[in-house]
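If you read the protein sequences in the order shown, they are chains A and B. Under the working numbering, the first sequence has 24 at position 24, and the numbering climbs by one with no breaks. Under the working numbering, the second sequence has 63 at position 63, and the numbering climbs by one with no breaks.
No lab work stands behind these hints, which were simulated from the structure alone. Incorrect hints may have been included.
Think about it this way: if two alpha-carbon atoms lie no more than 20 Å apart in a straight line, the pair counts; the simulated EDC-like pairs of lysine to aspartate or glutamate are [claimed, not checked]:
#, chain 1, residue 1, chain 2, residue 2
1, B, K52, B, D88
2, A, K175, B, E123
3, B, K175, A, D167
4, B, K61, B, D150
Calculated from the model, a selection of chain B residues having no Cβ within reach of chain A, i.e. all distances over 12 Å [to be verified]:
#, residue
5, T67
6, S68
7, I74
8, T120
9, T154
10, T162
11, D167
12, Y170
Just so you know, even glycine gets a beta-carbon here, dropped at the ideal spot from N, CA and C.
2 protein chains.
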Amino acid sequence: MSPTTETLTAERILEATEEVLRRHGPAKATVVDVARALGVSHGSVYRHFRTKAALREAVTKRWLDRTSEALAGIAADEGRDPETRLRDWLRALFEAKRRKAGHDPELFATYSVLVGESGTVVEEHLAELTAQLTGIVEAGVAAGSLAAADPAATAGALFHATGRFHDPCYAGEWKRPEIEGELEAVLDLMLRGLRAPVR
Amino acid sequence: MSPTTETLTAERILEATEEVLRRHGPAKATVVDVARALGVSHGSVYRHFRTKAALREAVTKRWLDRTSEALAGIAADEGRDPETRLRDWLRALFEAKRRKAGHDPELFATYSVLVGESGTVVEEHLAELTAQLTGIVEAGVAAGSLAAADPAATAGALFHATGRFHDPCYAGEWKRPEIEGELEAVLDLMLRGLRAPVR
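With the sequences and hints as input, model every part of the structure.
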């Protein structure tokens, strides 16, 4: 089946865009490159994404969504107590970022550039992640196992305090063997602060 | 008094180097520029600093020492209880970095480049800061007000968890009005985790 006989979906365009970005880098990748990779005219691409900026935003959102969707399962898993869920969620965020950075460094660097461009997409992503964390803290407060006067503020603090373990500016640190112990030390300290006093 | 009649001290060379770095940027600044600014031969500069790399390391160390010396006073201040000292120390670190970044952004950017070059100098600086924090945690454990099985590991966790408020890669965030509240939320969470249970 030649590429042109398949239906041109937004998802196919985004897959091709990611591949073009990986190959050419964020500075050089163009809509014409994407169209060529798909064997279609650039007009066909523009019917799905009205501007190059819209296409870049959409591919960035897709990349970020992969992380938040993977984490949503942990946030919603009522089989684990809230403290375990918090710890597992923050570890999984670190693992996801480290895997992306280590597995395909060019693509990771490319997306780090794109993330710097797309203000709204990144804000929405951070809001989604913080909302997941807030949900876990609220579940812990409801169950009486965690103490937090303002679960959203606490979620923000948890997210900010673990920046070293998910922010791309620390990607260079993630290969150091000590890094996992450093994450555990931060988690231990924060979770001690969150645990409700035993009555 | 003309520049050449003053004794050429290491400190005068470092002052001139900082000024040359501010003016030319880290990529272009040379030892010849420094010598010219002082009205001496470059041989005179090399008598104090044997290589350009040694001069750059020394000026970076001087820049970093300004921060650690200011903080040492808080770490050693037994007039404040250890929890207050921890909080004040971490706030002062943030304020010092924010002031440097906001007051003279070119020089801050220059030093961020130099810090990336000087492995040992930066490691020693981080070790010095963590040692100060460890001392405060130990004082709290000795007084019975803080609980920490391993004060050095706890100090590391405190330092890592506050990276958002002292690491230059976050300098862009430090102008946001929310940033102070974000620091307080992280400090509240961590200090709750450190407080010894009331017996």
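Results of checking the hints against the structure:
A C-alpha spacing of about 37 Å is found between K52/B and D88/B, which places the hinted pair above 20 Å, so the restraint is violated. As the CA atoms of K175/A and E123/B are separated by approximately 17 Å, the hinted pair is consistent with the 20 Å bound. Using a Cα cut-off of 20 Å, the hinted pair K175/B and D167/A holds, with the two alpha carbons roughly 19 Å apart. With a CA separation close to 29 Å, the supplied pair K61/B and D150/B exceeds the 20 Å bound.
Here T67/B stays apart from chain A, with its beta-carbon at least about 19 Å from theirs, past the 12 Å limit. Every C-beta of chain A lies more than 12 Å from that of S68/B, the closest at about 20 Å, which supports listing it as non-interface. In this structure I74/B is separated from chain A by more than 12 Å, as the shortest Cβ-Cβ distance comes to about 20 Å. Even its closest Cβ contact with chain A, about 17 Å, leaves T120/B beyond 12 Å, as expected for a residue assigned away from the interface.
The beta carbon of T154/B sits about 7 Å from the closest Cβ of chain A, which is not more than 12 Å, so the claim that it is off the interface is violated. Distance to chain A contradicts T162/B as a non-interface residue, since its nearest Cβ pair spans about 7 Å, not more than 12 Å. The Cβ of D167/B sits about 8 Å from the closest Cβ of chain A, inside the 12 Å cut-off, so the non-interface label is violated. Not every C-beta of chain A lies more than 12 Å from that of Y170/B, the closest at about 8 Å, which undercuts listing it as non-interface.
Checked against the numbered hints above, the structure breaks hints 1, 4, 9, 10, 11, 12 and satisfies the rest.
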